[in-house]
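2 protein chains.
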Amino acid sequence: MITVALPKGALLGDSIALFRSLGLDFSGFLDKANRQLQISDPTGTAQALLVRAQDVPVYVEYGQAQVGIVGYDVLREKHPNVAHLADLGFGRCRLSVAVKASSPYRSALDLPAHSRVASKFVNCAKEYFQSIDLPVEIVPLYGSVELGPITGMSEAIVDLVSTGTTLRENNLIELEVLYQSTARLIAHPLSYRLNSDGLQPLVAQIRQQTAAAVAV
Amino acid sequence: MITVALPKGALLGDSIALFRSLGLDFSGFLDKANRQLQISDPTGTAQALLVRAQDVPVYVEYGQAQVGIVGYDVLREKHPNVAHLADLGFGRCRLSVAVKASSPYRSALDLPAHSRVASKFVNCAKEYFQSIDLPVEIVPLYGSVELGPITGMSEAIVDLVSTGTTLRENNLIELEVLYQSTARLIAHPLSYRLNSDGLQPLVAQIRQQTAAAVAV
Numbered sequence: 001m002i003t004v005a006l007p008k009g010a011l012l013g014d015s016i017a018l019f020r021s022l023g024l025d026f027s028g029f030l031d032k033a034n035r036q037l038q039i040s041d042p043t044g045t046a047q048a049l050l051v052r053a054q055d056v057p058v059y060v061e062y063g064q065a066q067v068g069i070v071g072y073d074v075l076r077e078k079h080p081n082v083a084h085l086a087d088l089g090f091g092r093c094r095l096s097v098a099v100k101a102s103s104p105y106r107s108a109l110d111l112p113a114h115s116r117v118a119s120k121f122v123n124c125a126k127e128y129f130q131s132i133d134l135p136v137e138i139v140p141l142y143g144s145v146e147l148g149p150i151t152g153m154s155e156a157i158v159d160l161v162s163t164g165t166t167l168r169e170n171n172l173i174e175l176e177v178l179y180q181s182t183a184r185l186i187a188h189p190l191s192y193r194l195n196s197d198g199l200q201p202l203v204a205q206i207r208q209q210t211a212a213a214v215a216v
Numbered sequence: 001m002i003t004v005a006l007p008k009g010a011l012l013g014d015s016i017a018l019f020r021s022l023g024l025d026f027s028g029f030l031d032k033a034n035r036q037l038q039i040s041d042p043t044g045t046a047q048a049l050l051v052r053a054q055d056v057p058v059y060v061e062y063g064q065a066q067v068g069i070v071g072y073d074v075l076r077e078k079h080p081n082v083a084h085l086a087d088l089g090f091g092r093c094r095l096s097v098a099v100k101a102s103s104p105y106r107s108a109l110d111l112p113a114h115s116r117v118a119s120k121f122v123n124c125a126k127e128y129f130q131s132i133d134l135p136v137e138i139v140p141l142y143g144s145v146e147l148g149p150i151t152g153m154s155e156a157i158v159d160l161v162s163t164g165t166t167l168r169e170n171n172l173i174e175l176e177v178l179y180q181s182t183a184r185l186i187a188h189p190l191s192y193r194l195n196s197d198g199l200q201p202l203v204a205q206i207r208q209q210t211a212a213a214v215a216v
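Line by line, the protein sequences are chains A and B.
Start counting the first sequence at 1; every next residue gets the next number (full-length UniProt numbering).
Start counting the second sequence at 1; every next residue gets the next number (full-length UniProt numbering).
For the record, the hints were derived by calculation from the structure and aren't laboratory data.
Source: prediction; values computed, not measured.
Ideal Cβ placement from N, Cα and C applies to all residues, glycine included.
Be aware that one or more of the hints could be misleading.
Straight line, CA to CA, 20 Å or less: simulated EDC-like cross-link-like pairs of lysine to aspartate or glutamate [to be verified]: (1) K126/B / E174/B; (2) K100/B / D14/B; (3) K78/B / E137/A; (4) K100/A / E176/A; (5) K8/A / D87/A; (6) K100/A / E169/A; (7) K126/B / E176/B; (8) K32/B / E169/A; (9) K32/A / E169/B; (10) K32/B / D14/B; (11) K100/A / D110/A; (12) K78/A / E137/B.
Stretch-level coverage of chain B by chain A, calculated; a stretch enters the list once three of its residues show a Cβ under 8 Å from a Cβ in chain A [said to hold, decoys possible]: (13) 44-52; (14) 55-62; (15) 138-145; (16) 151-159.
Let the sequences and hints guide you as you build the complete structure.
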């Protein structure tokens, strides 16, 4: 039986819709009263795990799930050892550098050397500032990164932006886009190569479905 | 003006009650409709930041908040450079090693060498298994650590236990307690030593209040 790792949060609804279009029903996870983290499709052909977005690649890497859906942002930050199989097109957002609108900075290179940059994406932020050869101090945060510039703890942030509402509400402006992110289909490399539990036909179906959705 | 960093989640209610008993009202954070992360006490003598538990020591370390409330578990895991000023007594829980009840293991030393141990407390787990000289592979997770043994990804977990309900619901049993945790009052070391914004009298009041509560 195939096990699928699904991410809690923003990507869950579209992920469940995708599997439903293939005849696999994991909609039990959308029930607010649900406390189960592991459910089976009613047809008994697949099961799903509901885990934190950052944990999806862990379950896939260790082979507890043969496939998973996760944002490109998580893959870029963690570099897990998983096969990247398809861009699913949904969950579009971008990782950006932002500063206070009232600051004098209008590009990342305007930031003074040794500025503080608050981020949940410590590795991506480090890589980016190294690539523009600007030495900065990354302040690792777990949530509400926008508080960094508001409190004066950091000059800038590196954070995910989708609609831009959080930035606007906090009088922050985007300076640079590090990369665009969308939901990705990942798989355990060996399971995929060995076609365990009929993984390859499932992946082929998802790719077809996704290509069709993109074409519309 | 003193700035206080308060942790979202389990410790928030008791933290706000503590400051209310000192005449500082941050109860706006308890309003479910509240979206503000920074509020002032109505008397205008102090303000509070609402941040993730793991971020409390960061705001205190960088001096954006002079004091903060955070669980001992976060201090043990991150070793931030802050002054530990008082044990506040509430938010009691423990960091424990747990395994499936159906497993043959009845103490941590029964675990086979190179077992996998899933945990959000990577550093604490590493330290503990080093102290008993048992080489294990720590699998870092962000949430729902109990899924580790359920899916067979890990033999054991190291996780916070308060009532034990999560363990029981998932047929897991506790083998060892690494340490007990409670909420702690922390401060920016220099601000405390220099008594900036009258920090020392506030801390003295909190200590008195806490001692009184413990005596009851």
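We went through each hint and held it up to the structure:
1. Restraint check: the Cα-Cα separation between K126/B and E174/B comes to about 18 Å, which is no more than 20 Å; the hinted pair holds.
2. A distance of roughly 33 Å separates the Cα atoms of K100/B and D14/B; the hinted pair therefore is violated under the 20 Å criterion.
3. Restraint check: the Cα-Cα separation between K78/B and E137/A comes to about 18 Å, which is no more than 20 Å; the hinted pair holds.
4. As the CA atoms of K100/A and E176/A are separated by approximately 13 Å, the hinted pair is consistent with the 20 Å bound.
5. In summary, the hint linking K8/A to D87/A is supported, as the alpha carbons are separated by about 18 Å, within the 20 Å threshold.
6. For a cut-off of 20 Å, the pair hint linking K100/A to E169/A stands: about 11 Å separates their Cα positions.
7. At most 20 Å may separate the alpha-carbon atoms for a hinted pair to count; K126/B and E176/B meet this at roughly 14 Å.
8. Straight-line distance between C-alpha atoms of K32/B and E169/A comes to about 18 Å, which keeps the hinted pair within the 20 Å bound.
9. For the given pair, K32/A sits about 18 Å from E169/B by alpha-carbon distance, which is consistent with the 20 Å threshold.
10. With a C-alpha separation of about 16 Å, the suggested pairing of K32/B with D14/B holds against the 20 Å cut-off.
11. Our distance criterion of 20 Å between C-alpha atoms is met by K100/A and D110/A, whose separation comes to about 13 Å.
12. Taking the CA atoms of K78/A and E137/B, the gap is about 18 Å. The hint holds against a cut of 20 Å.
13. Note: the segment 44-52 of chain B has 4 residues with beta-carbon separation from chain A under 8 Å; the three-residue rule is met and the coverage holds.
14. Only residues whose beta carbon comes within less than 8 Å of a beta carbon in chain A count, and the segment 55-62 of chain B has 4; three or more means the coverage holds.
15. Chain A is given as covering the segment 138-145 of chain B, and this holds because 6 residues of the stretch bring a CB closer than 8 Å to a CB of that chain, at least three being needed.
16. Here the segment 151-159 of chain B counts 3 residues with a CB under 8 Å from a CB of chain A, which clears the bar of 3, and the coverage holds.
Going down the numbered hints, you'll see the structure goes against just number 2.
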